[in-house]
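S.K.: These are the residues of each chain, in order.
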Amino acid sequence: GEDVEQSLFLSVREGDSSVINCTYTDSSSTYLYWYKQEPGAGLQLLTYIFSNMDMKQDQRLTVLLNKKDKHLSLRIADTQTGDSAIYFCAESIGTGNQFYFGTGTSLTVIP
Amino acid sequence: DTGVSQNPRHKITKRGQNVTFRCDPISEHNRLYWYRQTLGQGPEFLTYFQNEAQLEKSRLLSDRFSAERPKGSFSTLEIQRTEQGDSAMYLCASSSAGTGTFGYTFGSGTRLTVV
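Protein sequence lines correspond, in order, to chains S and D.
Heads up: the first sequence begins at 446 in the working numbering, then just goes up one per residue.
Heads up: the second sequence begins at 12 in the working numbering, then just goes up one per residue.
These are computed hints drawn from the structure, not numbers from a lab.
Yeah, the Cβ is synthetic: ideal placement off N, Cα and C, and Gly gets one too.
Careful, some of the hints might be misleading.
[Stated by the list, open to error] With the C-beta cut set under 8 Å, the calculated list includes, among others, these residues of chain S facing chain D:
1) F454
2) P484
3) A486
4) G487
5) L490
6) Y493
7) I494
8) S496
9) F533
10) Q543
11) F544
12) F546
13) T548
14) G549
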């Protein structure tokens, strides 16, 4: 199965941390990704994690992977209004030529 | 490099008409992908090219859809006899063989509205 699920909405205050969650069903995922989509734009790769890693930190972004529970999260520290967008998690399986995306989480940052 | 370029940005067509979209990938990328994104959903894989060879096709790509990449550079996606259910954002992405697993670079998409 390639079901990837995310909660639809998240609202946080500027300066707080945001945590966006994702669950997936295919345990043979090789890489997992977080993409950001702003209105009218394509998807921008934010970060990725190899499936044998537990955590990856990249400036304000922290990715946590719980492979046992098939749970992926993205933490954005010191969230800014420019972070308001839709965030998609995605997984690649096998050769990685086909990505499976979640439905996206719409993050709203309140000034 | 200007990234992945898609044209047109928007297309409105009447049901039953044919439409064609174009994607120009990043010049050094040999892999090209087409995805479809409907409102409120994540992108869904349609097809993938390595150079000029179409290596994978989704079940979503019905007989009315055809994609080409004749010289291994730009690609076209044609939809024949459009239906209202074809209304969506069509996204193109590219990667090079060495970076494919580290994520694609997406274009801004072509938004198709079938009326």
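S.K.: Tell me if S/I494 is really an interface residue toward chain D, meaning its C-beta lies closer than 8 Å to one of theirs.
M.R.: 11 Å, violated
S.K.: Grab the minimum C-beta distance from S/F454 to chain D and call the hint holds if it beats 8 Å, violated otherwise.
M.R.: 11 Å, violated
S.K.: Answer holds if the nearest beta-carbon of chain D is closer than 8 Å to that of S/Y493; otherwise answer violated.
M.R.: 6 Å, holds
S.K.: Checking hints one by one. Is S/Q543 an interface residue toward chain D, by the C-beta closer than 8 Å rule?
M.R.: 5 Å, holds
S.K.: Less than 8 Å between beta-carbons is the criterion; does S/A486 satisfy it with respect to chain D?
M.R.: With Cβ-Cβ at 6 Å, under 8 Å, it holds.
S.K.: Close enough to count: is the Cβ of S/T548 nearer than 8 Å to one in chain D?
M.R.: 5 Å, holds
S.K.: Given S/F546 was flagged as interface, is its beta-carbon under 8 Å from a beta-carbon of chain D?
M.R.: OK, holds: S/F546 within 8 Å of chain D, min 3 Å.
S.K.: Take the shortest C-beta to C-beta distance between S/P484 and chain D; is it under 8 Å?
M.R.: 11 Å, violated
S.K.: Given a cut of 8 Å on the nearest C-beta pair, is the interface hint for S/G549 held or broken against chain D?
M.R.: 5 Å, holds
S.K.: Against chain D, with CB atoms and a cut of 8 Å, does the hint on S/S496 hold up?
M.R.: 11 Å, violated
S.K.: Taking the least C-beta to C-beta distance, is S/F544 closer than 8 Å to chain D?
M.R.: 7 Å, holds
S.K.: Taking the least C-beta to C-beta distance, is S/L490 closer than 8 Å to chain D?
M.R.: This hint holds: S/L490 lies near chain D, its Cβ roughly 4 Å from the closest one there, short of 8 Å.
Violation of the numbered hints given earlier is confined to hints 1, 2, 7, 8; the remaining hints are satisfied by the structure.
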